[in-house]
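Colleague: Below are the chains, spelled out letter by letter.
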Amino acid sequence: MTRTASFAALIAASLAAAPVALASDLTVNVEGIAKAQGSIMLGLFDEASYEGDGAVNGANLKVDGNSVTVTFEGLEPGEYAVRLYHDVNDDGEMNTNPFGMPTEPFAFSNDAKGRFGPAKWDDAKFTVAADGTTHTITMN
Amino acid sequence: MDLSRRHFMEAGLGASLAGAVGAGLGLPASAETQNMPAWHLGYQNAPAGGFDPTPMKLVFGKAPSDLKGSLYRNGPSQLNYGDAYASHWFDGDGMIHRIAIEDGQAVHQARFVETRKREEEQAAQTFLAPGFGTIGDESYSVESPDDTNAANTSVLVVNGELLALWEAGSAFSMDAETLETKGPKTWRDDLKGMPFLAHPKVEPDGRVWNLAVGGPRVGIYRIGANGALEDFGMVNIGRAAYIHDWTMSERHLIILVQPWINENLRPPVVAGFEWQPQHGLQMLIVDKDDFSNQRWVQAPPRMFYHTGSAWEESDGTIKFDAAFYKEPVLGVDGGSAEIRGEWSGEYATEEGVLTLVEIPPQGDAKLLETGVIGEFPQVDPRYRGKHRNLVALASGASTARPGATALAVHNWTSGESQSFEFGYNRMVEEFLFVPKQGGQSDLDSWLVGPVLNIKSGVREICVFDAAHVSDGPVCIWQADYAWPLGFHGTWA
Numbered sequence: 077m078t079r080t081a082s083f084a085a086l087i088a089a090s091l092a093a094a095p096v097a098l099a100s101d102l103t104v105n106v107e108g109i110a111k112a113q114g115s116i117m118l119g120l121f122d123e124a125s126y127e128g129d130g131a132v133n134g135a136n137l138k139v140d141g142n143s144v145t146v147t148f149e150g151l152e153p154g155e156y157a158v159r160l161y162h163d164v165n166d167d168g169e170m171n172t173n174p175f176g177m178p179t180e181p182f183a184f185s186n187d188a189k190g191r192f193g194p195a196k197w198d199d200a201k202f203t204v205a206a207d208g209t210t211h212t213i214t215m216n
Numbered sequence: 004m005d006l007s008r009r010h011f012m013e014a015g016l017g018a019s020l021a022g023a024v025g026a027g028l029g030l031p032a033s034a035e036t037q038n039m040p041a042w043h044l045g046y047q048n049a050p051a052g053g054f055d056p057t058p059m060k061l062v063f064g065k066a067p068s069d070l071k072g073s074l075y076r077n078g079p080s081q082l083n084y085g086d087a088y089a090s091h092w093f094d095g096d097g098m099i100h101r102i103a104i105e106d107g108q109a110v111h112q113a114r115f116v117e118t119r120k121r122e123e124e125q126a127a128q129t130f131l132a133p134g135f136g137t138i139g140d141e142s143y144s145v146e147s148p149d150d151t152n153a154a155n156t157s158v159l160v161v162n163g164e165l166l167a168l169w170e171a172g173s174a175f176s177m178d179a180e181t182l183e184t185k186g187p188k189t190w191r192d193d194l195k196g197m198p199f200l201a202h203p204k205v206e207p208d209g210r211v212w213n214l215a216v217g218g219p220r221v222g223i224y225r226i227g228a229n230g231a232l233e234d235f236g237m238v239n240i241g242r243a244a245y246i247h248d249w250t251m252s253e254r255h256l257i258i259l260v261q262p263w264i265n266e267n268l269r270p271p272v273v274a275g276f277e278w279q280p281q282h283g284l285q286m287l288i289v290d291k292d293d294f295s296n297q298r299w300v301q302a303p304p305r306m307f308y309h310t311g312s313a314w315e316e317s318d319g320t321i322k323f324d325a326a327f328y329k330e331p332v333l334g335v336d337g338g339s340a341e342i343r344g345e346w347s348g349e350y351a352t353e354e355g356v357l358t359l360v361e362i363p364p365q366g367d368a369k370l371l372e373t374g375v376i377g378e379f380p381q382v383d384p385r386y387r388g389k390h391r392n393l394v395a396l397a398s399g400a401s402t403a404r405p406g407a408t409a410l411a412v413h414n415w416t417s418g419e420s421q422s423f424e425f426g427y428n429r430m431v432e433e434f435l436f437v438p439k440q441g442g443q444s445d446l447d448s449w450l451v452g453p454v455l456n457i458k459s460g461v462r463e464i465c466v467f468d469a470a471h472v473s474d475g476p477v478c479i480w481q482a483d484y485a486w487p488l489g490f491h492g493t494w495a
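First to last, the sequence lines map onto chains A and B. Each step along the first sequence adds one to the number in the numbering used here, with nothing skipped, and position 72 is 148. Each step along the second sequence adds one to the number in the numbering used here, with nothing skipped, and position 346 is 349.
Think of the hints as simulated: they come from the structure by calculation, not from any bench. Certain hints may be false.
Lysine-lysine pairs mimicking DSS-like chemistry, simulated, CA-CA at most 25 Å apart [unchecked claim]:
| no. | chain 1 | residue 1 | chain 2 | residue 2 |
| --- | --- | --- | --- | --- |
| 1 | B | LYS291 | B | LYS369 |
| 2 | B | LYS188 | A | LYS111 |
| 3 | B | LYS185 | A | LYS189 |
| 4 | B | LYS369 | A | LYS189 |
| 5 | B | LYS195 | A | LYS111 |
In silico negatives: residues of chain B with every beta carbon more than 10 Å from chain A [as the list claims (entries may be wrong)]:
| no. | residue |
| --- | --- |
| 6 | GLY85 |
| 7 | GLU141 |
| 8 | TYR143 |
| 9 | GLU146 |
| 10 | SER147 |
| 11 | ASP178 |
| 12 | GLU183 |
| 13 | ASP192 |
| 14 | ASP193 |
| 15 | PHE235 |
| 16 | ARG404 |
| 17 | LEU446 |
On a predicted model such as this, the values are computed, not experimentally measured, just so you know. All residues carry an ideal CB built from backbone N, CA and C; glycine is no exception.
Please work from the sequences and hints to get the whole structure.
Modeller: Structure, rendered in C-alpha cells:
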C-alpha cells in the first residue's frame with residue numbers, strides 16, 4: 077500500500093510539475109458519414125494498445141449530420157492511431173454478417189486500409205504534437 | 004452431321020466474311036498478341052468501353068419467330084495488361100453481354116462490371132487485386148470480399164433486376180437495359196458482403212435459392228420471385244470443400260462436398276487446394292422447408308464444377324446430372340497457359356463425363372456414367388427440380404486447341420444422345436434452353452448459345468432445335484467482331 081501510494085504520489089507530482097509538456101490536445105474530425113443516425117464509436121490507441129482491446133481514450137459521438145468532432149485534452153505528445161466504426165443502429169456493437177465481416181462502416185486514422193485484417197499500426201499512426209494536432213478521417 | 008450444312012458453315016460462311024475480318028475486329032491486335040495462335044482470340048481483352056448496341060447479321064437459316072428475349076452472359080474479359088497475364092481464368096474482370104433477340108433480329112451490347120478491382124487496375128493499367136490464382140499487390144487494400152470481386156462468372160435476372168455473379172463476394176446489380184453498373188447487392192442489412200454463389204437455382208415459379216460459402220459454413224438464401232429475401236439460414240458441411248455449384252430438387256437442396264479441400268482461403272486461393280479422395284464425394288441433403296432436417300449421402304470420389312438439375316422419383320429417390328471428373332483438372336492451373344497462348348493438348352483428354360447420380364431413400368449414392376463428355380450442363384428452366392428428358396452440354400475436345408468443339412444433348416428418358424460437331428474453327432460455349440411457345444415438354448425447346456469463330460475472327464450466336472441437335476443450327480447470327488470466351492449466361 078505504501079509503495080502504491082508513493083508511486084501514485086510520484087505520478088501526480090510529475091504531472092503537476094510538467095503540465096505544459098503533457099497537455100497536448102488532439103481534435104479528431106470524422107467526415108463523410110453516410111447516414112445521419114447512430115453513433116461514431118471511436119477509440120484512440122498508442123502502439124502498445126493498438127493490437128488489443130483497451131484504448132487509451134475514446135468517445136461515443138452522436139451522429140446527426142455527415143460529420144462529428146471530438147477533442148481529447150491533456151494527451152502526452154507522441155504517436156497515436158484511431159480506430160472507429162459507425163454504430164448505425166446504436167446497439168453498442170460493431171455488427172457483422174454470419175461470416176464475421178463488418179456490416180457497419182469503419183475507418184482508421186490516416187484513412188488507412190487493411191489487407192485481410194485491420195489497418196496496420198504503421199499505416200494508421202500519426203503524431204500528436206506538443207502544441208496540439210487536428211486529424212481528419214474521411215469515411216467511405 | 005449434315006455435310007452440306009457443315010460445308011456451308013466452313014466454306015461459304017468463311018468466304019463471305021473474308022472482307023469483314025480485314026475490316027476490323029472488336030479485339031484489336033496488339034504487339035503481344037500478333038504472334039498468338041488463332042484460338043487465343045478467345046482470351047484477348049475486350050475493349051475497355053465495352054460494345055455499344057450493334058445489330059448482328061443473320062448469316063444462316065431462318066430465325067424462329069417465337070424466339071424473343073435476351074441472352075445475358077458473363078465472362079473474364081481482361082486477362083492481360085501488356086506482358087502481365089492473369090494467372091487464372093477466374094481473375095479476369097467480368098463483362099456482361101446482352102444479345103437481345105426479337106422479330107428475327109439480334110443486337111449485341113456489352114459492358115465491363117465496374118468493380119473496385121476493375122477501376123483501380125484500369126487506372127494503374129496493371130493487375131493489383133489478389134484473387135483465385137493471383138497473389139496481388141501488397142499496396143492493394145482488402146477490407147471486404149468485394150474488394151477483390153471480379154464479378155465475372157454468371158448472371159441472374161430476378162424480378163427484372165440483372166445481377167452479375169461471382170462466387171466469393173456480393174452479386175453486382177446492373178441496369179438490364181444499358182448494362183451500367185449500380186453496385187454490390189445487399190439482400191438484407193445483416194448480410195452485407197456475404198458471398199452469393201454464381202450458380203443460383205431458380206424454381207419454375209421464379210423463386211431463387213442460392214448458397215453463401217465460407218469454408219465449412221454455408222448460408223442458404225431463399226429469394227421470392229419478387230426479388231425480396233424470404234429466408235436465410237446456415238448449415239455446416241464439415242469441410243472447406245470447393246463449392247462452385249450445387250443442385251436442387253422440388254423438395255431438397257443438395258450440397259455436394261467434393262474432396263477438394265481448401266483450409267486456407269488466402270490468395271492465391273488455388274494454391275491451397277488439396278485432393279483428399281479418401282473422403283469420397285459426400286452430399287448434404289437439406290429439406291427446403293426445414294434447414295435443420297438434413298441427411299448425408301456417400302458417393303465415390305469425384306471432382307466437379309457443374310451440375311444440371313435434380314428431380315425426385317415417387318419412391319423418394321433423388322436423381323441429378325453433373326459433369327464429373329475422376330480428380331481435379333482444368334481449374335487447378337486455371338488456364339494460365341492458354342491465357343498466354345500456350346496449349347499442349349494434354350487437357351483435351353481430361354473431359355468431364357456426364358454422370359447421373361442416383362440417391363436412394365436409404366444408403367449410398369450410385370453413379371451412372373454416360374459416354375457423353377462435356378461441361379456447362381444446362382436444362383430447361385420449366386423443369387428445374389422436376390423430372391425431365393434433356394440435358395445439354397458444351398462437348399467435344401481437340402488436341403489442337405482448348406475449348407469445346409460440339410454441342411451435345413442427352414435424353415435420360417430414351418438414353419440417346421445427339422451432338423453437332425462444329426469442328427476446329429468454332430469454340431463452343433454454354434447453350435441455354437429457351438422454351439418454345441406452347442411447348443409440351445423440354446423436347447419443345449430452342450437451344451441458344453455463342454460460338455467463337457476463330458477462322459473468321461468473329462462471334463456467332465447459334466440456335467438449335469433441342470430435339471434435333473444433330474441436324475445442325477436452325478439459324479446463326481454473326482457479329483463482325485469478336486469478344487473473349489465467357490462462362491455462364493441466363494435467358495430473360
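Colleague: All hints are to be evaluated individually against the structure, with a verdict given for each.
Modeller: Verification of the supplied hints:
1. LYS291/B to LYS369/B: With Cα atoms ~23 Å apart, LYS291/B and LYS369/B stay inside 25 Å; holds.
2. LYS188/B to LYS111/A: Cα-Cα ~18 Å, so holds.
3. LYS185/B to LYS189/A: Holds. LYS185/B to LYS189/A sits at ~24 Å (cutoff 25 Å).
4. LYS369/B to LYS189/A: Outside the cut-off at roughly 50 Å; violated.
5. LYS195/B to LYS111/A: It holds: about 16 Å lies between the C-alpha atoms, which stays within 25 Å.
6. GLY85: holds (25 Å)
7. GLU141: GLU141/B is in fact no farther than 10 Å from some Cβ atom of chain A, at 7 Å.
8. TYR143: Label violated. Min Cβ-Cβ 7 Å, cutoff 10 Å.
9. GLU146: violated (5 Å)
10. SER147: Label violated. Min Cβ-Cβ 6 Å, cutoff 10 Å.
11. ASP178: holds (22 Å)
12. GLU183: Holds, since 21 Å exceeds 10 Å.
13. ASP192: With a cut-off of 10 Å, ASP192/B comes too close to chain A, as the shortest Cβ separation is near 6 Å.
14. ASP193: violated (6 Å)
15. PHE235: The assertion about PHE235/B is violated, with a minimum of 8 Å to chain A.
16. ARG404: Its Cβ never comes within 10 Å of chain A, the nearest being 38 Å, so this holds.
17. LEU446: Consistent with the label, LEU446/B stays out of reach of chain A, its closest Cβ about 42 Å off (over 10 Å).
The structure fails hints 4, 7, 8, 9, 10, 13, 14 and 15 (numbered hints given earlier, in ascending order).
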